[in-house]
Each structure stands twice: as structure tokens, then as C-alpha cells.
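As given, the protein sequences belong to chains A and B, one line each in that order. According to the numbering used here, numbering within the first sequence proceeds without interruption in unit steps and concludes at 166. According to the numbering used here, numbering within the second sequence proceeds without interruption in unit steps and concludes at 389.
None of these hints come from the bench; they were simulated from the model. Here the structure is a predicted model, which means the values were calculated and not measured. Just so you know, even glycine gets a beta-carbon here, dropped at the ideal spot from N, CA and C. A hint or two may mislead.
Claimed, not checked - Computed from the model, here is a short list of chain B residues facing chain A with C-beta under 8 Å:
| # | residue |
| --- | --- |
| 1 | Ile84 |
| 2 | Glu85 |
| 3 | Val131 |
| 4 | Leu164 |
| 5 | Ile166 |
| 6 | Gly167 |
To be verified - What follows is a list of derived Cβ distance ranges for each label pair:
| # | chain 1 | residue 1 | chain 2 | residue 2 | range |
| --- | --- | --- | --- | --- | --- |
| 7 | B | Gly169 | A | Ser135 | 46 to 54 Å |
| 8 | A | Ile24 | B | Leu235 | 39 to 47 Å |
| 9 | A | Asp96 | B | Arg330 | 43 to 51 Å |
| 10 | B | Arg331 | A | Arg118 | 49 to 57 Å |
| 11 | B | Lys366 | A | Cys71 | 43 to 51 Å |
| 12 | A | Val98 | B | Tyr306 | 50 to 58 Å |
| 13 | B | Ile277 | A | Cys71 | 45 to 53 Å |
| 14 | B | Asp205 | A | Asp96 | 22 to 30 Å |
| 15 | A | Arg130 | B | Gln112 | 30 to 38 Å |
| 16 | A | Ala105 | B | Phe262 | 41 to 49 Å |
| 17 | B | Phe362 | A | Arg118 | 39 to 47 Å |
| 18 | B | Arg230 | A | Ala15 | 47 to 55 Å |
Stated by the list, open to error - Now the stretches of chain A that chain B is said to cover, found in silico as 3 or more residues with beta-carbon under 8 Å:
| # | stretch |
| --- | --- |
| 19 | 6-13 |
| 20 | 131-142 |
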Amino acid sequence: MRTNNRALIAVACFAAIAAAAVVIVRHQGRNSSDPLVEVIPPNGILTTEVVADALQLHIDARGLTLVFPNCDVSKYQDKFFLHIYTVSKRVRALSDMVNLDFYLAQEKAKESTTNGIRSCVYHKNFSDFRPKEVSLGQFTMPNGRCCNVTWSRTFDFSENSLIGRP
Amino acid sequence: MSIGNAEPVEVMHTHDRMFGLDVCRTIAILSVVLGHLLLHSSPNVFVAATGFVAIFGVDLFFCLSGFLIGRILLTESARWPEEIERGILRFWYRRWMRTLPLYFFFFFVELQMYWHGASSLTAQASYLVFVQNFAWPMPQFFSLTWSLTIEEWFYFLFPLLILLSIGLGRTPRTAVAVAITLFLLVPPVLRFLLFDPHGAFDNLDPNIRHVVIFRLDSIGFGVLVAYISRWHRTLFAKLAELRWLFLILAIGCMAFIRLRYFGMPETRGLVVVYFSIVAFVFAGLIPTFTRLAPTRLKLLNRFIKYTSLISYSMYLGHVVAFTLGMSLFRRLGLFDAIYPNPWLTYPIFLAMVYLLASLTYFAIEKPILRLRDRRTNISLDSNSQAQAC
């Protein structure tokens with residue numbers, strides 16, 4: 001068996017380039033000052049659809065911002081849950097959760113105009129908590145039984161990633 | 001459509017394309033498109049319940065892709081001991097010219113249209129190098145691309161492993177066998193080591209199904225079939241004869257998902273084995289597909305061939321086409337009249353899918369492929385090259 005050094009060097013170079021690209025992009029993602037953004041369709045509408053005036057969810061280490069284009073909040077009347085976890089999920093207990101559940105109707109919105117579109121903006125600040133993870137979404141309580149979660153997302157601060165289910 | 005029993009593989013293709021593989025790709029893409037289509041409008045409950053087959057359309061795609069690209073690699077890698085980096089770079093150049101332009105086109109469409117400009121290129125930088133779901137859950141943004149990411153990492157890693165083995169003194173044939181073995185063994189091991197089953201079954205798609213490192217074995221099984229077709233022709237012919245067995249097993253896999261794992265406990269072992277079995281079963285259908293001959297219905301043959309030809313555009317563009325359809329309904333003030341009626345919505349949506357896919361195929365894909373082929377004027381395993389493009 002004769003080794004081919006040129007082939008081995010080529011493999012090492014290509015692998016190093018790929019690894020560097022992955023590390024740089026992941027590192028950039030974790031340190032990005034841009035908030036992660038998702039469009040959340042209202043209850044019953046699919047994520048594969050583009051919904052006019054759907055909720056835009058912006059989240060970063062500073063806080064959560066909900067943007068409603070054209071101030072159309074009529075389809076988001078269900079209660080929002082916003083759970084802030086201050087310790088890692090591996091070791092946390094129920095008491096480590098800060099519950100900031102809210103209804104939009106109880107919150108104050110700021111109005112802003114972007115590209116000629118008027119929006120209502122709601123903001124929740126995280127700076128008081130030093131959270132490790134934030135879970136948010138909307139839920140209903142059919143027949144008083146808790147809880148039918150209509151959508152949820154979990155934001156992991158260590159990964160700067162937003163995952164969840166539609 | 002007929003299945004030839006005894007004819008060798010080469011008999012069943014015309015004009016550098018195997019008709020049966022066009023059938024395979026058409027079934028795969030239509031499963032995906034129809035699965036997503038059924039999420040719209042108000043289909044009959046029983047019809048809507050069939051939408052889950054979209055999952056298996058992607059599995060079929062993976063196996064087909066592994067088979068076609070595997071055949072190309074089997075041929076090309078024979079020259080790599082001499083060509084070394086030139087050989088692998090040519091392979092990547094051809095793959096990337098095939099897949100990246102349209103991907104980036106729809107990536108920017110997604111940024112601007114679906115997200116209404118709410119997201120930014122910096123926020124979605126991971127999509128530029130296909131690491132959005134490399135070893136972590138797939139984000140919601142442009143979520144359709146999870147399967148393409150798995151393909152892209154296969155295009156990158158598999159030939160790299162071949163070259164590594166060649167560098168270590170193996171023959172190209174052994175190098176391919178080593179790469180296949182690693183591709184079949186490593187993802188299940190990673191699924192076993194890294195998957196935490198507690199509560200994860202509710203989010204199995206983003207946590208496992210859509211994650212690159214957990215799914216590369218799906219394509220690996222396709223390459224294994226390509227290897228068998230090249231070096232073990234008798235076995236390949238026997239696999240084709242076992243078509244009913246593989247078909248029944250494929251239906252069993254679908255029932256397994258539809259009936260919630262037949263009540264089996266949701267354990268780590270289930271996740272480790274399930275994806276390998278599905279890939280094995282769908283890869284086992286590939287030899288049968290290679291033997292399908294064109295039907296007597298010329299129109300049907302042309303439909304299959306054309307759908308297969310524009311399948312990549314259909315895959316990336318079908319959700320955008322649905323969106324355009326809905327925008328059109330709204331602009332015409334007919335949304336409430338048309339959208340709830342599946343008999344009106346589905347034909348219009350399908351027409352828009354074909355229209356948009358044809359446009360992007362002829363405006364983007366084809367010119368770039370021509371440019372690519374002008375620069376890399378090679379002729380290797382013309383069937384696979386033609387169908388993998």
C-alpha cells in the first residue's frame with residue numbers, strides 16, 4: 001500500500017476550508033447583533049403559507065419584539081406564554097422559570113412605519129433576567145383544560161438558535 | 001408502464017436517460033409537491049391524511065440521488081489516483097453549478113418575499129454554506145432546504161472520503177467501498193449517541209429527520225445500490241426481482257409512521273434503526289425502477305420525462321408558486337371564493353408550480369448547465385450524468 005501524499009494534503013486542505021466555514025458561520029451566528037426573525041402565521045394557518053400581516057417575531061439577547069404589520073392583531077388574541085429560564089435546562093427546576101405570560105390587549109404598542117407600512121410593535125425586555133433560554137408561543141384552554149399550544153418557539157442563548165413547532 | 005424482467009439495465013433507456021429513473025424522480029417530486037399541496041385549502045379528510053407521503057418522497061429522492069451520483073463517482077474516481085485534486089474539484093464544480101444557482105435564487109426570493117424583508121442576509125448567513133441544519137435543528141426559515149443541505153454535504157464529504165482512502169493507498173474501488181461503509185455506519189451511531197428521546201418525538205422532524213449528520217446514511221444506501229449495479233450485476237438483477245418484497249416493505253414503512261410506530265415505545269433504538277431501514281427499503285426499489293420501460297402512452301412518457309427534468313426547480317419553487325397563487329387570488333378579490341375549494345385551488349396551484357418551475361429551469365438552470373458543460377467537456381457514464389445533470 002503506497003500512500004499518495006498529494007491526495008492526503010488535498011483532503012486536509014479541503015476539510016480545513018470546510019471546517020473553517022462552519023466555525024466562522026456558527027461563531028458569527030452566536031455573536032450576531034442581528035435578532036433572529038420568524039414570521040408566525042396565526043392559529044390554523046400553515047408556516048408554508050405567506051400570510052398578509054402575519055406576526056414577525058424578532059428575538060435576541062436584549063429582548064423579544066413582536067411586530068404586527070398594518071397593526072392587525074385580530075388573529076393573535078390567544079394568550080401568549082413567555083417563559084424565561086435562568087439556568088441550563090439540564091439542571092433546572094420549575095422554580096427556575098420566570099413566567100411572563102400576557103395578552104396583547106393588556107400590552108402597550110408603539111407604532112412605527114417601515115417602507116410605508118404602518119406596524120404595531122410590542123417589546124419585552126430580557127435585561128433584568130440574564131436568561132439562558134426563552135420559550136414563547138400562544139395557547140388556549142379548551143373547556144378550561146390546560147393547554148392547547150398553537151405555536152411555540154424556544155430561543156437558546158448559548159446557540160443563538162430559535163427552534164420549535166408551528 | 002411495463003417492467004422488463006430479464007433485460008440488462010442498459011436496455012431500458014433512451015436518449016441517455018433511463019426512463020425508470022425519470023419515473024422514480026417524478027414519483028418523488030410529485031409526492032413532495034402533493035404532500036405540501038394538501039396542507040392548503042380544505043381537502044377531504046381521507047385525502048388530507050395521505051399528505052404524509054411527502055416524507056417518503058424525500059427518502060426516495062435521497063436513494064435516487066445516491067444511486068446516480070454514486071455511479072458518476074464510481075466512474076470518475078477511477079482516474080483520481082492520477083488527477084487527485086483536479087478530479088474532485090471537477091466533480092464539485094459540476095455538482096455546485098447544478099445546484100447552487102437556483103438555490104441562491106430562491107434563497108433571495110425567500111428573504112424578500114416570504115419574509116417580507118424581515119430577515120437579513122447576515123442573520124441567515126448559515127444558509128450560504130449549508131450549515132443551517134448541519135448538526136443542530138433545522139430553523140423555520142426556508143425550511144424546505146433541509147434535504148438539499150443533506151445532499152450538498154454528501155456531495156462534499158463522500159468524494160473527500162474516497163480521495164482520503166486513495167491517498168492512504170487504496171484502489172478507487174476499495175475507496176468507494178470504504179466511503180459507503182462509513183456513510184452507512186456513522187449516522188446511526190451518531191443518532192444513538194446524540195439523540196435525546198425525552199420529549200423529542202414531538203419534534204422528530206427538526207431534531208433528527210432534518211439534521212445532516214443523522215441522515216447521510218439515506219444517500220449512502222443509494223450509493224451502495226450503485227456499487228452493486230457496477231460490481232455485482234447478478235445481485236443487482238436479484239434485487240430487481242425482489243420488487244414486490246421491497247414494495248410491501250415500503251408500504252409497511254409508511255404505515256409504521258402513519259400508525260404512530262405501531263404503538264412501539266419511542267426510544268433511541270427506534271430512531272437509530274428506523275431511518276436505516278427506510279433508506280434500505282427505498283434503495284432496494286431502485287433496481288426495479290431501472291427496469292421500467294416507457295409506456296405506450298407517449299403523452300404520459302413525455303409528462304414523466306418533463307417532470308423529472310424540471311424536478312429540482314419544482315422542489316425549490318413549489319411553495320413560492322403556492323404563495324403566488326394565493327397572492328393572485330387576493331389581488332383578484334377571489335380568495336374567499338376560490339381558496340376553500342380544493343377542486344379550484346389544486347389545479348391552479350399545480351399549474352403555477354409547473355409554470356414557475358419551467359420558467360426557472362429555462363431561465364436559470366439550463367443556461368448555467370450549458371455554460372458548465374462547455375467548460376467541463378467530459379463524457380462519463382452518460383446515463384447517470386444526463387439524469388443527475
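Structure-based check of all given hints:
1. Ile84: Since chain A brings a Cβ to about 5 Å from Ile84/B, closer than 8 Å, the hint holds.
2. Glu85: 4 Å, holds
3. Val131: This hint holds: Val131/B lies near chain A, its Cβ roughly 5 Å from the closest one there, short of 8 Å.
4. Leu164: 5 Å, holds
5. Ile166: 5 Å, holds
6. Gly167: Hint holds; Gly167/B Cβ to chain A Cβ min 3 Å, cut 8 Å.
7. Gly169/B <-> Ser135/A: 46 to 54 Å: 53 Å, holds
8. Ile24/A <-> Leu235/B: 39 to 47 Å: 45 Å, holds
9. Asp96/A <-> Arg330/B: 43 to 51 Å: 46 Å, holds
10. Arg331/B <-> Arg118/A: 49 to 57 Å: 21 Å, violated
11. Lys366/B <-> Cys71/A: 43 to 51 Å: This hint holds: roughly 45 Å between Cβ atoms.
12. Val98/A <-> Tyr306/B: 50 to 58 Å: Roughly 57 Å apart at Cβ, these two residues keep to the hinted range, so it holds.
13. Ile277/B <-> Cys71/A: 45 to 53 Å: Holds - the Cβ-Cβ distance for Ile277/B and Cys71/A, about 51 Å, lies within 45 to 53 Å.
14. Asp205/B <-> Asp96/A: 22 to 30 Å: 28 Å, holds
15. Arg130/A <-> Gln112/B: 30 to 38 Å: 36 Å, holds
16. Ala105/A <-> Phe262/B: 41 to 49 Å: 46 Å Cβ-Cβ, so the 41 to 49 Å window holds.
17. Phe362/B <-> Arg118/A: 39 to 47 Å: 40 Å, holds
18. Arg230/B <-> Ala15/A: 47 to 55 Å: 27 Å, violated
19. 6-13: holds (count 5)
20. 131-142: violated (count 0)
Of the hints listed earlier, those the structure fails to meet are numbers 10, 18, 20, in rising order.
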